[in-house]
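Following the hints, complete the assembly by docking chain B onto the known chain A.
2 protein chains.
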Amino acid sequence: MKFSLSHIPDIRFGADEIDNLAGHAASLGAERAAIVMDSFLAASGLAARVQGMLAAEGITSEVYSDFAGEPKLKHLREATAVASGADLVIGIGGGSALDIAKIVACTAASGEDAMHYALAANPLPKNALKKIMIPTTAGTGSETSATNIFAGPEGKKLWIWGAETKADLVILDPALTVSLPASLTAWCGMDAFIHAFEASTNRNAHAAGKVFGHEAMRIIAANLAEAVGNPSNLDARGKVLLGSCYAGVAIDNCGTAIAHNISHAMAGLAPIHHGLATALGFEVSLPWLAQADTADLNAAAAVLGLTRASEIPDFVTRLMDACGIRRAIPAAFNSFTVADLANEMRAPENQPMRRSTIRDVNDADLDTFATAIMTMQKEA
Amino acid sequence: MKFSLSHIPDIRFGADEIDNLAGHAASLGAERAAIVMDSFLAASGLAARVQGMLAAEGITSEVYSDFAGEPKLKHLREATAVASGADLVIGIGGGSALDIAKIVACTAASGEDAMHYALAANPLPKNALKKIMIPTTAGTGSETSATNIFAGPEGKKLWIWGAETKADLVILDPALTVSLPASLTAWCGMDAFIHAFEASTNRNAHAAGKVFGHEAMRIIAANLAEAVGNPSNLDARGKVLLGSCYAGVAIDNCGTAIAHNISHAMAGLAPIHHGLATALGFEVSLPWLAQADTADLNAAAAVLGLTRASEIPDFVTRLMDACGIRRAIPAAFNSFTVADLANEMRAPENQPMRRSTIRDVNDADLDTFATAIMTMQKEA
Chain A
1 MKFSLSHIPD IRFGADEIDN LAGHAASLGA ERAAIVMDSF LAASGLAARV
51 QGMLAAEGIT SEVYSDFAGE PKLKHLREAT AVASGADLVI GIGGGSALDI
101 AKIVACTAAS GEDAMHYALA ANPLPKNALK KIMIPTTAGT GSETSATNIF
151 AGPEGKKLWI WGAETKADLV ILDPALTVSL PASLTAWCGM DAFIHAFEAS
201 TNRNAHAAGK VFGHEAMRII AANLAEAVGN PSNLDARGKV LLGSCYAGVA
251 IDNCGTAIAH NISHAMAGLA PIHHGLATAL GFEVSLPWLA QADTADLNAA
301 AAVLGLTRAS EIPDFVTRLM DACGIRRAIP AAFNSFTVAD LANEMRAPEN
351 QPMRRSTIRD VNDADLDTFA TAIMTMQKEA
Chain B
1 MKFSLSHIPD IRFGADEIDN LAGHAASLGA ERAAIVMDSF LAASGLAARV
51 QGMLAAEGIT SEVYSDFAGE PKLKHLREAT AVASGADLVI GIGGGSALDI
101 AKIVACTAAS GEDAMHYALA ANPLPKNALK KIMIPTTAGT GSETSATNIF
151 AGPEGKKLWI WGAETKADLV ILDPALTVSL PASLTAWCGM DAFIHAFEAS
201 TNRNAHAAGK VFGHEAMRII AANLAEAVGN PSNLDARGKV LLGSCYAGVA
251 IDNCGTAIAH NISHAMAGLA PIHHGLATAL GFEVSLPWLA QADTADLNAA
301 AAVLGLTRAS EIPDFVTRLM DACGIRRAIP AAFNSFTVAD LANEMRAPEN
351 QPMRRSTIRD VNDADLDTFA TAIMTMQKEA
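As they're listed, the protein sequences go chains A and B.
Under my numbering, residues 1 to 380 are what the first sequence spells out, in order.
Under my numbering, residues 1 to 380 are what the second sequence spells out, in order.
Just so you know, the hints here were simulated from the structure itself, not pulled from any lab data.
Think of the CB as a built atom: it goes at the ideal place given N, C-alpha and C, for glycine as much as any other residue.
Any given hint could be a false lead.
What the hints assert, rightly or not - Now the in silico label distances, taken between C-beta atoms and shown as ranges:
no.: 1; chain 1: A; residue 1: Phe40; chain 2: B; residue 2: Arg346; range: 41 to 51 Å
no.: 2; chain 1: A; residue 1: Glu112; chain 2: B; residue 2: Gly69; range: 46 to 56 Å
no.: 3; chain 1: B; residue 1: Ser44; chain 2: A; residue 2: Trp159; range: 19 to 29 Å
Stated by the list, open to error - Computed footprint of chain B on chain A, listed as stretches where at least three residues anywhere in the stretch have a Cβ under 8 Å from a Cβ of chain B:
no.: 4; stretch: 5 to 15
no.: 5; stretch: 203 to 211
Stated by the list, open to error - Derived lysine-lysine pairs resembling BS3-like cross-links, with alpha carbons at most 25 Å apart:
no.: 6; chain 1: B; residue 1: Lys72; chain 2: B; residue 2: Lys156
no.: 7; chain 1: B; residue 1: Lys126; chain 2: A; residue 2: Lys126
no.: 8; chain 1: A; residue 1: Lys2; chain 2: A; residue 2: Lys72
no.: 9; chain 1: A; residue 1: Lys2; chain 2: A; residue 2: Lys130
no.: 10; chain 1: A; residue 1: Lys126; chain 2: A; residue 2: Lys74
no.: 11; chain 1: B; residue 1: Lys130; chain 2: A; residue 2: Lys2
no.: 12; chain 1: B; residue 1: Lys157; chain 2: A; residue 2: Lys130
no.: 13; chain 1: A; residue 1: Lys130; chain 2: B; residue 2: Lys72
no.: 14; chain 1: B; residue 1: Lys74; chain 2: B; residue 2: Lys130
no.: 15; chain 1: B; residue 1: Lys157; chain 2: B; residue 2: Lys74
no.: 16; chain 1: A; residue 1: Lys126; chain 2: B; residue 2: Lys130
no.: 17; chain 1: A; residue 1: Lys72; chain 2: A; residue 2: Lys156
no.: 18; chain 1: A; residue 1: Lys2; chain 2: A; residue 2: Lys74
no.: 19; chain 1: A; residue 1: Lys130; chain 2: B; residue 2: Lys74
no.: 20; chain 1: B; residue 1: Lys2; chain 2: B; residue 2: Lys74
no.: 21; chain 1: A; residue 1: Lys130; chain 2: A; residue 2: Lys72
no.: 22; chain 1: B; residue 1: Lys72; chain 2: B; residue 2: Lys2
no.: 23; chain 1: B; residue 1: Lys157; chain 2: B; residue 2: Lys72
Extracted from the complex, chain A is given alone in its bound form:
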């Protein structure tokens, strides 16, 4: 046994824990904060509320919320300008807001452009601004990971990776997640479940990662359908949020596998929600994966209350049904063929997820998965 567990930030969990944000910011020594927040959250009054709390503690702040969907280089540049001169970056929102905030804490500190750090072109600065991350969706796990995704100048997906981008403090406040629509709760929650599952069963899985991955699987599987069906159930919301955070720790250490290969390949063809794409990719590849019947797959089965790995696919199908997930892809996929998708699955940037899969993935397997996805019902 040999492994590396990357550090885990301070975590504060509780409904309305955001009310203690200013105190946490002060204890990090903050005097001037940049807030990166999803635009609909900012418009809901949360930006004003947060700025008011900070001001009462003597901390000045500026808000950047002029983005939607996946972060683009332009957003990183604009947010860096807003964060210039700040000593703390606060990210509030989904994975996009958090990824922008985590990158900007580095670029604002060094004055370098985000492209300077993309794809590990240069080492990240050691003096990044302090970072508080507050996820309002339970899915990406960005609050506990060192990975940050954005679209480069030509629209190509790029990443900035490094411990320097990790949060100093994570606030998990289930009350911030109750307004998320049911379909997004389901898609994001499945994404988190799959993070936990893939990190616990792929070629990089290890003992410490599994502690987090198993706990995440256990609590998400037990609470996701309730969080979808009864959006105001703060207990269920909180458990899914906590599970997503643990799953973030699991992927931060052990990465993902074939479902994320399929998901990223789909995103390469046409816009689709990452959580939905991942859930669809997971369901179509899982019966094949479960045949590997490894010790880790059987351990995952036991965590889910099953007796063997071969029972996992049915379990996941029931979970997705209970969460009301329609197996359908956007109409935009009508313009593409099975071969187009299989090609994306073979693209160089998607090979790490293919290679980390516990079963060897040959080209015929990819064709099978691509066929299953592309023959799915299309949204009107």
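Below, chain B alone, put in the same frame as chain A:
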């Protein structure tokens, strides 16, 4: 549900992982390191080996190893002088070496005496030296905790507590633990098991702490007797070491309970190994504690493969038997009475552990535990 999880350092686990120490030190930016190491380890050649590795990476170093047993103020002052001008402190050894190293990383940075920080008299400096902690016993969990114990000028036990003393990096190398005598392996391992158990079942127990506490209980219970009986079994050694580290996370967040009240009270009377005292205190109080029959106690039972809390006392007695732990106290206790021990249990500094116990501990309960301890066989 509401909780706070304190940050967890980077962890590197593996046999001979210490061989990568210099690289880790360099990646923390170190140029000049102070090494705090148990004297018998230093004499074994480990000090020279570590200094050689560091020198090969261009890092100069000095060793402080002039201490044995529990740290005294004198040791902290001497180690601070050695660490003056260093940018990294490396602690290698049992809890004493690690506690000294963690405190000295603060006092060497600020130039203040350790007494300046004792019992939270003043805030710790924000610019502590970088810290790498390498436990060579599996017990205290000091490598992942913010608590540090030493004897003050009058011999009284004092503590320095704060996130500023926590490690940046922990190296868990089971190969460093194989030379530990069987009795110490058993006593330290039981201490770690009890950390995990008390943190998971006391009044401060919470969901995130239990993730670590439960995993620690599981792997220590499954591997401790083997680590004691077959000292060179690196797999069992490693699992107990990892369990002790997780148990450190659990107490760092949720603290201990009545077994540690008894243990600290015993140490107040006469010298006794902390792990042994804690194991004895645990066994005599556990049947009483298990009667509380709480959800957390039953969850702990399930983790141990039992069906109910009332089975835990027998399980622990069998575990202690399997580890060859003699139920006997040092002859020095002959000078004291049951009332003396009960008095120590009522001392102000031991009340936090009494109050955190999930069952109310009345004075008659303390008398019962004190009687059970003091009527035990005495070592010749």
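So, going through the hints one by one against the coordinates:
1. A/Phe40 / B/Arg346: 41 to 51 Å: 58 Å, violated
2. A/Glu112 / B/Gly69: 46 to 56 Å: Holds: the Cβ-Cβ distance is about 51 Å, inside 46 to 56 Å.
3. B/Ser44 / A/Trp159: 19 to 29 Å: 45 Å, violated
4. 5 to 15: holds (count 11)
5. 203 to 211: Our answer is that it holds, as 3 residues pass the Cβ test (under 8 Å) against chain B, meeting three.
6. B/Lys72 / B/Lys156: 10 Å, holds
7. B/Lys126 / A/Lys126: With Cα atoms ~16 Å apart, B/Lys126 and A/Lys126 stay inside 25 Å; holds.
8. A/Lys2 / A/Lys72: 37 Å, violated
9. A/Lys2 / A/Lys130: With Cα atoms ~31 Å apart, A/Lys2 and A/Lys130 exceed 25 Å; violated.
10. A/Lys126 / A/Lys74: 24 Å, holds
11. B/Lys130 / A/Lys2: 24 Å, holds
12. B/Lys157 / A/Lys130: With a Cα-Cα distance of about 36 Å, the restraint between B/Lys157 and A/Lys130 is violated, given a limit of 25 Å.
13. A/Lys130 / B/Lys72: Status violated; Cα separation ~36 Å.
14. B/Lys74 / B/Lys130: 22 Å, holds
15. B/Lys157 / B/Lys74: With a Cα-Cα distance of about 13 Å, the restraint between B/Lys157 and B/Lys74 holds, given a limit of 25 Å.
16. A/Lys126 / B/Lys130: Holds: A/Lys126 and B/Lys130 sit about 13 Å apart, inside 25 Å.
17. A/Lys72 / A/Lys156: 10 Å, holds
18. A/Lys2 / A/Lys74: 41 Å, violated
19. A/Lys130 / B/Lys74: Violated. A/Lys130 to B/Lys74 sits at ~36 Å, over the 25 Å cutoff.
20. B/Lys2 / B/Lys74: 41 Å, violated
21. A/Lys130 / A/Lys72: 22 Å, holds
22. B/Lys72 / B/Lys2: The hint is violated at about 37 Å.
23. B/Lys157 / B/Lys72: Since the Cα atoms of B/Lys157 and B/Lys72 sit roughly 9 Å apart, the hinted pair holds (cutoff 25 Å).
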